[in-house]
Amino acid sequence: MSLGDPLPAAFYDRDPAAVARELLGAVLRHDSNDGVISGRIVETEAYLGPHDPASHSAVGRTARTWHMFGPPGTAYVYFIYGMHWCVNAVVREDGYGAAVLIRALEPLEGLPLMRARRPKARHDRELLNGPGKLCAALGITRAQDGLPLTGGSRLTICAGDVVPDAAVAVTPRIGISKAADWPLRYVLR
DNA sequence: ACGCGGATGGCCT
DNA sequence: GGCCATCCGCGTA
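In this text, residue positions in the first sequence follow the numbering used here: the first is 159, and each later residue adds one.
Check each hint, because a few of them may be wrong.
Each pair of labels, with its calculated beta carbon distance range [unchecked claim]:
#	residue 1	residue 2	range
1	P211	L269	23 to 29 Å
2	A325	L269	19 to 25 Å
3	R273	G218	27 to 33 Å
4	Y239	G309	27 to 33 Å
5	P341	S311	15 to 21 Å
6	P341	H242	23 to 29 Å
7	P277	H209	17 to 23 Å
8	A301	I332	22 to 28 Å
9	G333	T299	18 to 24 Å
10	S335	M241	18 to 24 Å
11	A324	M241	34 to 40 Å
12	R219	D192	23 to 29 Å
Calculated directly from the structure, the hints in this document are not laboratory data. Backbone N, C-alpha and C fix where the C-beta goes; we use that ideal spot for every residue, glycine too.
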């Protein structure tokens with residue numbers, strides 16, 4: 159595995175917090191029908207599995223959460239608040255039900271297309287700084303739910319520069335009510 | 001620079 | 001029926 163190659167399934171088949179930490183600096187890329195859009199991952203959250211009360215997998219394997227229980231390196235895309243899509247990378251072994259939510263990116267490729275898909279963004283800093291915003295900008299919807307992120311699909315995560323611990327902040331997860339004090343959010347500054 | 005509430009729909013109970 | 005792993009606009013400073 160070197161810089162720019164897709165991260166393999168073995169990268170994801172590990173402790174969710176470690177994967178969330180190490181996804182910082184990696185690159186999420188969507189080869190959409192309208193063009194390639196990519197960004198550097200700068201914020202993530204770990205959802206540990208069925209025993210984590212804030213995790214979607216805590217309700218079991220339903221139609222909505224189906225792909226969260228898929229093999230490591232699968233995209234789990236869900237619809238929330240009647241308007242927004244959010245994208246996760248499935249972690250741990252096939253059938254377990256853990257994932258890492260991608261919460262923010264820094265723009266790399268496809269700036270004009272991002273701006274067209276995010277007309278409300280008043281400057282480029284607001285294009286990808288939220289889980290719903292980055293899915294809108296990249297064109298990620300239910301159509302990408304279940305795709306492998308490990309290569310061979312149009313949605314991939316590729317290795318980036320190594321990020322030193324001094325550049326990483328760890329905080330509680332955002333926007334949840336259960337297990338809201340667990341420090342599983344990773345931010346690159 | 002904050003804080004608050006409405007939008008909006010699928011899904012679980 | 002009520003709850004969301006959110007975003008945006010409007011209000012007060």
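Comparing the hints with the structure gives:
no. : hint                     : in the structure
1   : P211 to L269: 23 to 29 Å : 39 Å, violated
2   : A325 to L269: 19 to 25 Å : 24 Å, holds
3   : R273 to G218: 27 to 33 Å : 40 Å, violated
4   : Y239 to G309: 27 to 33 Å : 32 Å, holds
5   : P341 to S311: 15 to 21 Å : 32 Å, violated
6   : P341 to H242: 23 to 29 Å : 25 Å, holds
7   : P277 to H209: 17 to 23 Å : 41 Å, violated
8   : A301 to I332: 22 to 28 Å : 26 Å, holds
9   : G333 to T299: 18 to 24 Å : 20 Å, holds
10  : S335 to M241: 18 to 24 Å : 20 Å, holds
11  : A324 to M241: 34 to 40 Å : 37 Å, holds
12  : R219 to D192: 23 to 29 Å : 33 Å, violated
Violated hints, listed in ascending order, are 1, 3, 5, 7 and 12; each of the other numbered hints is respected by the structure.
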